[in-house]
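Chemist: The primary structure of each chain is shown beneath.
There are 2 protein chains.
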Amino acid sequence: MSLVIVGTVAFDAIETPFGKTDKIVGGAATFAGLAASYLYDHVKLISVIGEDFGDDNMHILKSRGIDVEGVEIVAGGKSFFWAGKYHNDMNSRDTLVTELNVLANFDPKVPASYQDCTHLLLGNLTPQVQMQTLERLEQKPKLVVLDTMNFWMDVALDDLKKVLLKVDVLTINDAEARQLSGEYSLVKAADVILKMGPKYLIIKKGEHGALLFGDGQVFSAPALPLADVFDPTGAGDAFAGGFIGYLAKVKSVNFTNMKNAIIYGSALASFCVEKFGTEKLQHLSAADIKERIQQFVSLAKFEISE
Amino acid sequence: MSLVIVGTVAFDAIETPFGKTDKIVGGAATFAGLAASYLYDHVKLISVIGEDFGDDNMHILKSRGIDVEGVEIVAGGKSFFWAGKYHNDMNSRDTLVTELNVLANFDPKVPASYQDCTHLLLGNLTPQVQMQTLERLEQKPKLVVLDTMNFWMDVALDDLKKVLLKVDVLTINDAEARQLSGEYSLVKAADVILKMGPKYLIIKKGEHGALLFGDGQVFSAPALPLADVFDPTGAGDAFAGGFIGYLAKVKSVNFTNMKNAIIYGSALASFCVEKFGTEKLQHLSAADIKERIQQFVSLAKFEISE
Chain A
1395 MSLVIVGTVA FDAIETPFGK TDKIVGGAAT FAGLAASYLY DHVKLISVIG EDFGDDNMHI
1455 LKSRGIDVEG VEIVAGGKSF FWAGKYHNDM NSRDTLVTEL NVLANFDPKV PASYQDCTHL
1515 LLGNLTPQVQ MQTLERLEQK PKLVVLDTMN FWMDVALDDL KKVLLKVDVL TINDAEARQL
1575 SGEYSLVKAA DVILKMGPKY LIIKKGEHGA LLFGDGQVFS APALPLADVF DPTGAGDAFA
1635 GGFIGYLAKV KSVNFTNMKN AIIYGSALAS FCVEKFGTEK LQHLSAADIK ERIQQFVSLA
1695 KFEISE
Chain B
1395 MSLVIVGTVA FDAIETPFGK TDKIVGGAAT FAGLAASYLY DHVKLISVIG EDFGDDNMHI
1455 LKSRGIDVEG VEIVAGGKSF FWAGKYHNDM NSRDTLVTEL NVLANFDPKV PASYQDCTHL
1515 LLGNLTPQVQ MQTLERLEQK PKLVVLDTMN FWMDVALDDL KKVLLKVDVL TINDAEARQL
1575 SGEYSLVKAA DVILKMGPKY LIIKKGEHGA LLFGDGQVFS APALPLADVF DPTGAGDAFA
1635 GGFIGYLAKV KSVNFTNMKN AIIYGSALAS FCVEKFGTEK LQHLSAADIK ERIQQFVSLA
1695 KFEISE
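As they're listed, the protein sequences go chains A and B. If you want this note's numbering, it's the 1-based position in the first sequence plus 1394. If you want this note's numbering, it's the 1-based position in the second sequence plus 1394.
Watch out, some of these pointers could steer you wrong.
Note that identical chains are pooled: a pair holds if it fits in a single copy or bridges any two copies.
[Stated by the list, open to error] The calculated lysine-lysine pairs, modelled on DSBU-like cross-linking and capped at a C-alpha distance of 35 angstroms, are:
{"no.": "1", "residue 1": "K1472", "residue 2": "K1589"}
{"no.": "2", "residue 1": "K1582", "residue 2": "K1417"}
{"no.": "3", "residue 1": "K1589", "residue 2": "K1456"}
{"no.": "4", "residue 1": "K1555", "residue 2": "K1503"}
{"no.": "5", "residue 1": "K1695", "residue 2": "K1534"}
{"no.": "6", "residue 1": "K1414", "residue 2": "K1589"}
{"no.": "7", "residue 1": "K1669", "residue 2": "K1684"}
{"no.": "8", "residue 1": "K1695", "residue 2": "K1589"}
{"no.": "9", "residue 1": "K1645", "residue 2": "K1414"}
{"no.": "10", "residue 1": "K1536", "residue 2": "K1643"}
{"no.": "11", "residue 1": "K1536", "residue 2": "K1684"}
{"no.": "12", "residue 1": "K1472", "residue 2": "K1653"}
{"no.": "13", "residue 1": "K1414", "residue 2": "K1582"}
{"no.": "14", "residue 1": "K1503", "residue 2": "K1695"}
{"no.": "15", "residue 1": "K1653", "residue 2": "K1503"}
{"no.": "16", "residue 1": "K1582", "residue 2": "K1456"}
{"no.": "17", "residue 1": "K1589", "residue 2": "K1669"}
{"no.": "18", "residue 1": "K1556", "residue 2": "K1414"}
{"no.": "19", "residue 1": "K1695", "residue 2": "K1555"}
{"no.": "20", "residue 1": "K1599", "residue 2": "K1456"}
{"no.": "21", "residue 1": "K1593", "residue 2": "K1653"}
{"no.": "22", "residue 1": "K1643", "residue 2": "K1653"}
Worth flagging that the hints you see were computed from the coordinates, not collected in a lab. Keep in mind the model is a prediction, meaning the values are calculated, not measured.
Construct the entire structure; sequences and hints are all you get.
Modeler: So this is what it looks like as structure tokens:
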């Protein structure tokens, strides 16, 4: 049994109202992998990097026990690089630089040791690479979670729809749910999207929490109100990683476990935004996570007895 | 013991993507009073209307057992009238007409029979009228809830700050909390606002639910995802009415009861938006409300056992 995550391992340069960074480690698979590593022991990444990535950066993943055999290093290549600047409200950002570099020809390798994959996270990437990864697994995983974004709906909608037919859970934000479904009401959007393939839909609403639709039920998860959101980069990936990491740990997939998985994902995302990049996700303790989960419990709990 | 609500009783003309109305009954006190009437028996309104309001419209309030002795009828006067058009997203709207009419000289009358007021809702109105109402009660009510909006922060901030010193609970939306506090983070905004007078702050986030701050705690209430939001007019007032109506019923004010009150307020608001104006709030059954509350319980419930 293992949890395989395919996605970018990359460099980010980030500017927020609180400061700016040089090139630091980023990428969807990095954030998701780190988050998942706190909940499940057998996390394996599939990605592609350049020679510039370096051992120190790779150590960030390895030191969390993450298997990087599936992270291809392209000789003489440069890693994917994104630079962005967040506005004052932290909810919108400008992309300053996108250098695809080795990602432009990403051909996902699935090592033999990854064929025990039971849980697969198809991180935000071109739908074609997501599909290739799925096809290169000899057995269909027990649970496939797909994360995507508006960009792929704009430029590769047909490919995206093909992958959607093969996944169990889709995670997107509210604007993307509206775009994909053509419906403004999120209830109607969920009805449309759940007919496209996924059995469950998670709508991420950032500071407003998340909604889970599936099994004819709805769950509304709160977001933890934070005094300071330092850097939102990677929060969605940390959420997805925490979500699938929890499900890999508890094994059985049902609505009750999915709800808890969303709370764990939200907790990991709430840590992620407290520092730049992956900094906060590198050194959490079990006590940190337990305490944060309790904050979510207190935050949402009410008891009406009549 | 009674619950007194001061606010507008008025006419609205509403246009949404689903249709449009002629002049129909509206006003903050109307929506709040109707909502409260499902939870508490002794609801009393203070407002001002013109002769044009008419017995049929007054019957909408009276038939719910609402005391209208404090609703002054100005001979020859015309009732406050607002016309607005909602955009496709239902979250933004244009005001087409605002005719203050009798509201321009509103001098709130507190009948002797209202002096048993234990719970007071100062509905969205000029802070001066809110203050006058409070001053005309011989005994300070057990609980004073104030609803206001950005307009009063723009044109009457000093008066608003004076009333804030005398209230227990403030209800505003997220943009207003940011405006009033000068802080973007809602956690920091709450810290600032809770130093301005209120012991509790409720931040209404519409389709994203509500946050309650106070007693060093935070509660995040979900909003019920709805397939169709027909007309958002009055939802905030129905929320405030349901909120204070529940607290009048259960009598004691503590964080646990405040949380439940928010769920009841949210439930009443969720009914409100399902039809134009007050239509849905005129004929709810106890079973309707019980079922809706159960939907909120299911929506938010999760159990993490470790």
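Chemist: None of the hints should be skipped; say for each whether it holds.
Modeler: Going through the hints against the structure:
Within a single copy, K1472 and K1589 get their C-alpha atoms no closer than 40 angstroms, and across copies no closer than 53 angstroms, so neither meets the 35 angstroms cut-off. In this assembly of identical chains, K1582 and K1417 lie within 35 angstroms of each other by CA distance solely across copies; the values are 31 angstroms between and 41 angstroms within a copy. In this assembly of identical chains, K1589 and K1456 lie within 35 angstroms of each other by CA distance neither inside one copy nor across copies; the values are 39 angstroms within and 48 angstroms between. Taking the closest pair of Cα atoms, K1555 and K1503 come within 35 angstroms of each other only inside a single copy of the chain (23 angstroms); across copies the shortest separation is 63 angstroms, beyond that limit.
In the homo-oligomer, the alpha carbons of K1695 and K1534 lie at most 35 angstroms apart only across protomers (32 angstroms), although the nearest pairing inside one protomer, at 37 angstroms, exceeds that limit. For a Cα distance limit of 35 angstroms, the shortest separation of K1414 from K1589 across copies, 33 angstroms, qualifies, whereas the shortest one inside one copy, 43 angstroms, does not. For a Cα distance limit of 35 angstroms, the shortest separation of K1669 from K1684 inside one copy, 19 angstroms, qualifies, whereas the shortest one across copies, 44 angstroms, does not. With identical chains, the CA atoms of K1695 and K1589 are at most 35 angstroms apart both within one copy (32 angstroms) and between copies (26 angstroms).
Taking the closest pair of Cα atoms, K1645 and K1414 never come within 35 angstroms of each other, the shortest separation being 40 angstroms inside a single copy and 52 angstroms across copies. Taking the closest pair of Cα atoms, K1536 and K1643 come within 35 angstroms of each other only inside a single copy of the chain (13 angstroms); across copies the shortest separation is 50 angstroms, beyond that limit. Taking the closest pair of Cα atoms, K1536 and K1684 come within 35 angstroms of each other only inside a single copy of the chain (27 angstroms); across copies the shortest separation is 39 angstroms, beyond that limit. In this homomeric assembly, K1472 and K1653 never come within 35 angstroms of each other (Cα to Cα): the closest approach is 39 angstroms inside a single copy and 53 angstroms across copies.
In this assembly of identical chains, K1414 and K1582 lie within 35 angstroms of each other by CA distance solely across copies; the values are 23 angstroms between and 40 angstroms within a copy. In this assembly of identical chains, K1503 and K1695 lie within 35 angstroms of each other by CA distance neither inside one copy nor across copies; the values are 44 angstroms within and 41 angstroms between. For a Cα distance limit of 35 angstroms, the shortest separation of K1653 from K1503 inside one copy, 32 angstroms, qualifies, whereas the shortest one across copies, 51 angstroms, does not. In this assembly of identical chains, the alpha carbons of K1582 and K1456 never lie at most 35 angstroms apart, being 43 angstroms within a copy and 37 angstroms across copies at closest.
When the C-alpha separation of K1589 and K1669 is checked against a cutoff of 35 angstroms, the pair qualifies only between copies, where the shortest distance is 28 angstroms, while the shortest distance within a copy is 38 angstroms. For the identical chains of this complex, K1556 and K1414 are neighbours neither inside a copy (39 angstroms) nor across copies (41 angstroms), given an alpha-carbon limit of 35 angstroms. With identical chains, the CA atoms of K1695 and K1555 are at most 35 angstroms apart between copies only, with a shortest distance of 32 angstroms across copies and 37 angstroms within one. Proximity of K1599 to K1456 under the C-alpha cut-off of 35 angstroms is restricted to the intra-copy arrangement: shortest distance 31 angstroms within a copy versus 42 angstroms between copies.
Proximity of K1593 and K1653 under a CA criterion of 35 angstroms is satisfied in both settings, with 14 angstroms inside one chain copy and 33 angstroms between copies. Taking the closest pair of Cα atoms, K1643 and K1653 come within 35 angstroms of each other both inside a single copy (14 angstroms) and across two copies (33 angstroms).
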